[in-house]
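Peer 1: Residue numbers (the working numbering), protein chains in the order written: chain A, 1 to 442; chain W, 1 to 254; chain Y, 1 to 481.
Each pair of labels, with its calculated beta carbon distance range:
| hint | chain 1 | residue 1 | chain 2 | residue 2 | range |
| --- | --- | --- | --- | --- | --- |
| 1 | Y | Glu398 | W | Ser59 | 29 to 39 Å |
| 2 | Y | Gly31 | A | Thr34 | 41 to 51 Å |
| 3 | A | His343 | W | Glu51 | 26 to 36 Å |
| 4 | Y | Gly199 | W | Glu126 | 48 to 58 Å |
| 5 | A | Glu384 | W | Leu139 | 27 to 37 Å |
| 6 | W | Arg125 | Y | Glu398 | 40 to 50 Å |
| 7 | W | Glu126 | A | Ser391 | 44 to 54 Å |
| 8 | A | Val165 | Y | Glu398 | 37 to 47 Å |
| 9 | Y | Trp69 | A | Ala19 | 36 to 46 Å |
| 10 | Y | Arg68 | W | Arg125 | 53 to 63 Å |
Derived coverage of chain Y by chain W (criterion: at least 3 residues anywhere in the stretch with Cβ under 8 Å from a Cβ of chain W; other residues may be distant):
| hint | stretch |
| --- | --- |
| 11 | 423 to 437 |
| 12 | 443 to 450 |
Selected chain Y positions facing chain A (Cβ under 7 Å, derived; list incomplete):
| hint | residue |
| --- | --- |
| 13 | Leu395 |
| 14 | Gly401 |
| 15 | Val410 |
| 16 | Lys411 |
| 17 | Lys416 |
The set of hints was computed from the structure by calculation and includes no laboratory data.
We put the beta carbon where it would ideally sit given N, CA and C, even for glycine.
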Amino acid sequence: MHVQPQSWQNVELSLVPDALAGHDSPWILAARKTAFKRFSEHGFPTKREEEWKYTDVSLISKRGSLAPDNIPPDAPSEAKLLAWALSGEGMHLMVFVNGHFDSELSTIDDLPDGVQLSSLADMLDGDANLPESLFSQQHEHTIFAALNNAFVTDGAVLKIAPDTVLETPIYLFLIASGHGVAIYPHIIVMAGENSSATVIEHYMGTLDAHNFTNAITQINVGAGAKIEHCKLIQEGPAALHIAGVHAEQSKDSSFTSRSFVFSGRSVRNDITSSLNETGCLCTFDGLYLLDDKQHVDHHTRIDHIAPCCTSREYYRGILDGESRGVFNGKVIVHHGANQTDAHQTNHHLLLSKQAEIDTKPQLEIFADDVKCTHGATVGQLSDEGLFYLRSRGLDADTARSVLIYGFANDIINRINTPYLRQRIEHLLLDRLPQGDMVKELL
Amino acid sequence: MLSIKNLHVCIDGKEILRGINLDVKAGEVHAIMGPNASGKSTLAQLLAGREIYKVTAGSVHYLGRDLLAMSPERRACEGVFLAFQYPVEIPGVSNALFLKTALNAIRKYHRLPELDAMDFLTLVRERMKRVGMDEALLLRAVNEGFSGGEKKRNEILQLNILQPRLAILDETDSGLDIDALKLVADGVNDMRGADRAIILVTHYQRLLDYIVPDAVHVLSQGCIVKSGGADLAKDLERHGYNWLETGDLIKQIA
Amino acid sequence: MTTTQQLNELINREYQHGFYTQLEADTIPLGLNESTIRLISAKKNEPAFMLEWRLKAYQHWLTLSEPRWANLDWSPIDYQNAYYYSAPKSEKNGPRDLSEIDPELLRTYEKLGIPLKEQKMLAGVAVDAVFDSVSVATTFKQNLSTLGIIFCPFSEAVQKYPDLVKQYLGSVVPYTDNFFASLNAAVFSDGSFCYIPPGVHCPMELSTYFRINAKNTGQFERTLIIADKDAYVSYLEGCTAPMRDEHQLHAAVVELIALEGARIKYATVQNWYPGDKEGKGGIYNFVTKRGDCRGEKSHISWTQVETGSAITWKYPSVILRGNGSVGEFYSVALSNNHQQADTGTKMIHIGRDTKSTVLSKGISAGYGQNTYRGLIKVLSGAENARNYTQCDSLLLGEHCGAHTFPYIEVKNPSAKVEHEASTSRIGEEQLFYCTQRGISPENAVSMIVSGFCKAVFQELPMEFSVEAQKLLGVSLEGSTG
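So here's chain A without its partners, still in its complex pose (with noise of 0.2 Å):
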């Protein structure tokens, strides 16, 4: 179980820190230190583990360093100029180069009274306070967590004052280039109470990057608070991701997480939630469109603790050349959670003979007044559909490329930021074979 890679066992922790962020705060470095710690005592996790049966993290083990890099090398143009486009959208923009802030392509100077934003390096290495349970992880829901503890350069610090309203996107960018760079951010999201706001994590590497990046997002959404949370994974080819999205909702908050993953070689997602008063509502949506040999692995759970919560999970996938989706999807009703309504479904689209999914929906149920039902399917697009929309004119890729488009709507709809639901409807037709003539149809 414990395989100790070569590549860093022999990493001297110790060097690293100090040029890290937080390296003149004491506990910063005791923090660090205990987290590398427990990740080199639990080692890699290996396919015995049945939260890692599908996912083989080899690819990361083997890497060769696994310590960031400290100086950020400069955006590359195309980055600069989604950037630029981003700021003309009016977005509350912050841009990450390989991990570290990049003031200058961000726009974070009008946020509204209440809210504040920063960037935890600058927290770390400051005077403003960073508590250490938000910097330390309370709960490591996978052994990531502490690596990601052990050597986080940067990230986002989101506080909203209570009763604040966030009209506008928090857009956070996370660009990633060059060869064989490891990049950990640490978003955390402090949400007061009913407070409403909406956080974009869009990460996007380089067609040449071969990063690993490992993300943890925590997020608190305080009683009463709408908080809403897309993460769009862009990366490049031979990137690999692995990321954990935490939230834990106090009484009748709102929490949604959407996950879309277009690109990248092997991506991981951790997103849970736990409702831990009464009367929250928690929407988990998903969709992922995968080619080639990628590999995406989604694994959520939602922790129903306190009675008379909802929750609702809908995921979809796409699968096509020789790509492989992995869906675990856990709902746990503890002990006196009555009243609990969970409702989950993931449908999958596999459209190659190379592709695969392995499918999980769990329910573990500990109340007995509870409704609680699961769903998933795994098909291919219907004979009847193509032969209906053919022999209306369509030729056969249009109609695949319809009927395709008709399956990820379900998910794509349902985002309220009109700039990314338009991002991801192009990102989804530019993959498709004639998805302009698609556009156009609809």
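Please arrange chains W and Y on chain A, whose structure you already have, making use of the hints.
Peer 2: Here is chains W and Y on its own, set in the frame of chain A:
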């Protein structure tokens, strides 16, 4: 037959019925009307023994005995029948088995011999014809996948087979087209008799065109705000419930 | 919660098969080692290939440890503190006909409602009764043999049909399969063997009735059923055990082989002693059951009603190898008091146009934990594979749990796999509707529970269906149901 005195009822600490007084004699048909959320259904379900309601004051006597002290099945055996506003689905349990179990439970209570399958089928087939119900519904699971009209007819069929002494019909007319409504009304009129009382709970007057009541009571905010003869229903139809709300009646009570 | 109380009253009726039969037994010394296995093999007068196979299994078993991945919690089993062979003494040389059977034994089976006297039998069921580890009676053997059907104790098959045994034994569940299957292969003492020749439609239900009687005895029976080309057989298995304070191990293996066009229906009503209300005692039921649809268009279906055992660890599976083959799994599992059940199925789609259906109904009450664990695997060659899975759980009481772990692995784009699951409890409205019609709450609960399970009960042969409903405390009144 039924005597309700100063009945106060709560659910989750909220008072729904606030001092109901009502006397129903054998042979009578009473209509209880009222706007939505006036407490009509609560009264109907409480009389049948629904345990989610809490009686905080008052009494209900049925044939001289304390009805509130009886369990729902005991009330059923004693002849209290509720036609549900929303008949419940019971997956996997056939309508026939359900009805036969119910009928034999009541017969057993009265020390009558239980009906065997043949006698039961003969009885149920004849009654199904009378209420215009498709025989195929006998083998389907109780109310599962039934249309709205089929569910209501199923209630009337049960009423017909179980032959209660006090029948309470909770909005049995809602959601029915005119033909179905007539069938239901025929089914109820069929049941009128000197030793049977019927309580019709309804929102609209139209059912009363087919079943002429002996008395009409208007329920509003948990109180009977007006009682009268069959004409009262017609007045209500003409003026709407606001006619009562704006009148002096409410004030008198409040 | 009134619903819980009502159901508890209903299903907490005392275990009815908990008596113990006083019989003189031939038991070998406590513990397990190579000489135990040699002794069992010698007692059975087995040919060399059997002993060799057993010893290989034993050596392999030594390298394994108990599987602990299931959602079950059981106290460690001391494999050295058990008897691996116990046989009613008078049966040492095997009864030639029923008149030679110990009358005490006959009475035991009669008490269990399993008449071994053929004249008293329900028409159309042939019974093989396994008492502790030994098959004591097989009925209707003669009638069956005229059709070429072999239905006999396993030990007899080893003697009379060694070639068939050699060809098929371990071909579906190899001795290396898992910890309990290895143990079974090493020490199994008897079981049932059944062979249906090509084209033969077995005219009666075949049935094995298992009974654990002796104290501290593990039961390790092995059933092997082969349906040759276009043959058909329906098979029933029932089980009970006396009430004892200590846990007893039952580690059986069932192998089914369906050749081209053949069809096997295998039904189990498992009513091993579940332990008392505090969770003391009860059978540990670790069973490996697997069918192999080896031929084209073959068909295997498993139906199980699991109401007994303290621990149930059981995944009757089908390997859909033949093109166009069909696998089915219908299950009702009830766990009450401190019972734990982790059960489900595996459907492995290998051939083209293979189809599988899974219908699982779990009922949890008291402190019971009920887990459905299923795997639907579609390999890349399984063109047009189809699966439909539905698993529903009913919860009665606030201390029980229901868990669903469905694994779906698909490697073929023409496959269609659908999975649906729901968890609910008996609605207060449903109960009120029934009681308002005069039905007592107890009857209402049992009616609703049996309605919940109906789709599975329908798959059982008539006699079993009745027994199964009774087991759930349900009386089927008349024929109108």
